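Participant: If you want the building blocks of each chain, they are given just below.
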Amino acid sequence: MSAQFMQYLLTGLTVGAIYALVALGFSIIFNASHVINFAQGEFVMIGGMASVSFTAAGLPYLLAIPLAIAAAALVGLALEKFAVEPARGASVVTLIIITIGASIFLRGLAMVIWDKRLHPLKPFTGDTPIAIAGATILPQSLWVLGVTLAIVLALSWFFGRTLLGKAMLATSHNRLAAQLVGINVRRVLFLSFGLSAALGAVAGILIAPITTTSYDVGVMLGLKGFAAAILGGLGSGVGAVVGGLVLGIAETMSAGYLSSAYKDAIAFVIILAVLFFMPSGLFGKRDGERV
Amino acid sequence: MLSRLASPRTGGLLALAIVIALLPLALANKYFYDIAVLVGLNAIVCVGLNLLIGYAGQISLGHAGFFGLGAYGSAILASRYGWPPLAAMLTTTLAVAALAYLVGRPILRLKGHYLAMATLGMGIIVYMVITTEDRFTGGPDGIAVVPFSIGGFVLQGERIWYWVVGVLLLAAVWLALNLIESPTGRALRALHSSEVGAEVVGINAAEHKLLVFVISAVFASVAGSLAAHYSGFVTPGKVAFLHSIELVTMVVFGGMASIFGAVVGAAALTTLPQLLTVFEDYEMMVFGAVMMGTMIFLPRGVVPSMARLFQTRRNASSDDRAGSA
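So the protein sequences, as listed, match chains A and B.
Counting with the numbering used here, you get residues 1 to 291 for the letters of the first sequence.
Counting with the numbering used here, you get residues 292 to 616 for the letters of the second sequence.
Since the hints were derived computationally from the structure, they do not count as laboratory data.
Any given hint could be a false lead.
[What the hints assert, rightly or not] Capping the alpha-carbon separation at 20 Å, the derived lysine to any residue pairs in SDA-like fashion look like this:
hint, chain 1, residue 1, chain 2, residue 2
1, B, Lys-321, B, Phe-524
2, B, Lys-321, B, Tyr-453
3, B, Lys-402, A, Ala-177
4, A, Lys-263, B, Met-419
5, B, Lys-402, A, Ser-280
6, A, Lys-116, B, Glu-574
7, A, Lys-116, B, Gly-528
8, B, Lys-402, B, Gly-528
9, A, Lys-263, B, Phe-532
10, A, Lys-116, B, Glu-571
11, B, Lys-402, A, Gly-89
12, A, Lys-263, B, Pro-431
13, B, Lys-402, A, Thr-94
14, B, Lys-402, B, Arg-480
15, A, Lys-116, B, Leu-533
16, B, Lys-402, A, Val-274
17, B, Lys-402, A, Ser-172
18, B, Lys-402, A, Val-92
19, A, Lys-166, A, Ala-177
20, A, Lys-116, B, Thr-568
21, A, Lys-166, A, Leu-142
22, A, Lys-166, A, Gly-237
23, B, Lys-402, B, Glu-486
24, A, Lys-263, B, Val-420
25, B, Lys-402, B, Ser-484
26, A, Lys-116, A, Phe-54
27, B, Lys-402, B, His-483
28, A, Lys-116, B, Tyr-573
29, B, Lys-402, B, Ala-496
30, A, Lys-116, B, Val-577
31, A, Lys-81, B, Val-581
32, A, Lys-116, A, Val-219
33, A, Lys-81, A, Asn-184
34, A, Lys-81, A, Gly-194
35, A, Lys-263, B, Thr-423
36, A, Lys-81, B, Gly-584
37, B, Lys-321, B, Trp-454
38, A, Lys-116, B, Ala-496
39, A, Lys-263, B, Ile-416
None of these values were measured; they are calculated from a predicted model.
Please model the complete structure; the sequences and the hints are all you need to start from.
Facilitator: Structure (structure tokens):
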């Protein structure tokens, strides 16, 4: 393995971990409501931009980060309450437009609250690169990978071991049956937006020190997160993580070895290629249509 | 005779023709004509897109890609290579139709969100190619386009364009109305309610979906070509994801499965940004809020919701009369 390959792999894993977090957000909301939340990318933006603001106001990271995550989660809950909940029963296209409208609204709001400039965020623990097998990795990348791993473990514990998590999982399998056994599916839907928003915010905070952040970072990160979720198969947690990592690595490799001009197009080329052969993604449910 | 006039095919078409003929009375200056032309061009795209979304029930989040390919195809052939604009437009349209056919075949097997993703991806790839291949397209700066001309006659000025676009819009609506009244149209509605069900009664769902996908791409491409010649300039913004979304929003706002709804939606959402400029910095916020609000409160779109209201009123008043008699 050449040092160059190793370098691309490490960078790809870092980016992929971020895509995975965004994709998990898509999957959680999709499972609870069968809604694709196109405003998912804006939570990423809110997490990053709010952290910039809170740290600029003099708050230490230990306070600024939880506050930024809470801010995004509140926006997520509000989105569910005031935009998705009132439109229950609307068609898929209508719901897609509502969430896209929400994302445009939030981006416009961010432009008014903050500005159009790029904002840097200080790395959590220094910026001295660490050498690994001939390649280097930023301490911040280690944070990205470590926190993502921790979140994935925490989520699998949450969905497998806690009552609320099991209730959410049950709702995703069969909404009506879940309701029959006494699960408050509306509350599940409400909470899933909060949880997804928090995950998106974490992604935005983790990546901000590496790429800087601005009012419109959510657009591409959101679309790529959606691509990752679709690649893995909508609604599959494992799929979201695998999809994210695969996209991240493939993107960095092709940018490095093929063409950096088309870096952002790679994710979509891959997704089209995969969908041509596997119409439900890598880990998606393959079920027939009932007439 | 009267019942024929009340049918959307003749009555609605006549109404639209009257609106197009009388609208210039209300258009005070060039600026209003300009907006009317933009409305007409968007309406042509939406009428095609509505066939796909409203009637066949297939979503596309990438139609700005076809619009952009039409615009750039015409721009490059006519301006860079000096082709006659009409030949450039026809060649581009054929190429876009061929591309839609090739891409549509595998893509339209997908359903729901997977189809949304695939069309979105297709649109973004077109956008990236256009912004990156700047030798042909001028990259992010865009490209200047020669005016449209046939023989020695040069099409210039908002007023002439208004009539050209008006007639083309009527033609597009007429084509769409005929299509949905044909066996193909009935097949599309059947597969919208249930694809499996439609196949069981002998409808080739894949062929029909592909046909309507190609038609909608052709409408978008022609409108794109015309828009390029009309404004004399194309930028990648016309190909961007957001433009695809605007097109879908026009269709849903006006009303899915309503040809005239598509026209109303195009008119409303093309004029809205012009009105919103008074909000300056808040323009984007207000646009997003309007998008959310209308979809939450009028999920069926303006025209079907109004039609429904009208229907219930009429039923109620006829009930009253029945009661008093």
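Participant: Does each hint hold? Answer for all of them.
Facilitator: Checked hints:
| no. | hint | in the structure |
| --- | --- | --- |
| 1 | B:Lys-321 x B:Phe-524 | holds (18 Å) |
| 2 | B:Lys-321 x B:Tyr-453 | holds (10 Å) |
| 3 | B:Lys-402 x A:Ala-177 | violated (25 Å) |
| 4 | A:Lys-263 x B:Met-419 | holds (10 Å) |
| 5 | B:Lys-402 x A:Ser-280 | holds (9 Å) |
| 6 | A:Lys-116 x B:Glu-574 | holds (14 Å) |
| 7 | A:Lys-116 x B:Gly-528 | holds (18 Å) |
| 8 | B:Lys-402 x B:Gly-528 | violated (28 Å) |
| 9 | A:Lys-263 x B:Phe-532 | holds (17 Å) |
| 10 | A:Lys-116 x B:Glu-571 | holds (14 Å) |
| 11 | B:Lys-402 x A:Gly-89 | holds (19 Å) |
| 12 | A:Lys-263 x B:Pro-431 | holds (16 Å) |
| 13 | B:Lys-402 x A:Thr-94 | holds (16 Å) |
| 14 | B:Lys-402 x B:Arg-480 | holds (16 Å) |
| 15 | A:Lys-116 x B:Leu-533 | holds (18 Å) |
| 16 | B:Lys-402 x A:Val-274 | holds (14 Å) |
| 17 | B:Lys-402 x A:Ser-172 | holds (19 Å) |
| 18 | B:Lys-402 x A:Val-92 | holds (11 Å) |
| 19 | A:Lys-166 x A:Ala-177 | holds (13 Å) |
| 20 | A:Lys-116 x B:Thr-568 | holds (18 Å) |
| 21 | A:Lys-166 x A:Leu-142 | violated (31 Å) |
| 22 | A:Lys-166 x A:Gly-237 | holds (14 Å) |
| 23 | B:Lys-402 x B:Glu-486 | holds (10 Å) |
| 24 | A:Lys-263 x B:Val-420 | holds (11 Å) |
| 25 | B:Lys-402 x B:Ser-484 | holds (13 Å) |
| 26 | A:Lys-116 x A:Phe-54 | holds (18 Å) |
| 27 | B:Lys-402 x B:His-483 | holds (12 Å) |
| 28 | A:Lys-116 x B:Tyr-573 | holds (13 Å) |
| 29 | B:Lys-402 x B:Ala-496 | holds (13 Å) |
| 30 | A:Lys-116 x B:Val-577 | holds (18 Å) |
| 31 | A:Lys-81 x B:Val-581 | holds (17 Å) |
| 32 | A:Lys-116 x A:Val-219 | holds (14 Å) |
| 33 | A:Lys-81 x A:Asn-184 | holds (15 Å) |
| 34 | A:Lys-81 x A:Gly-194 | holds (11 Å) |
| 35 | A:Lys-263 x B:Thr-423 | holds (11 Å) |
| 36 | A:Lys-81 x B:Gly-584 | holds (13 Å) |
| 37 | B:Lys-321 x B:Trp-454 | holds (14 Å) |
| 38 | A:Lys-116 x B:Ala-496 | violated (47 Å) |
| 39 | A:Lys-263 x B:Ile-416 | holds (11 Å) |
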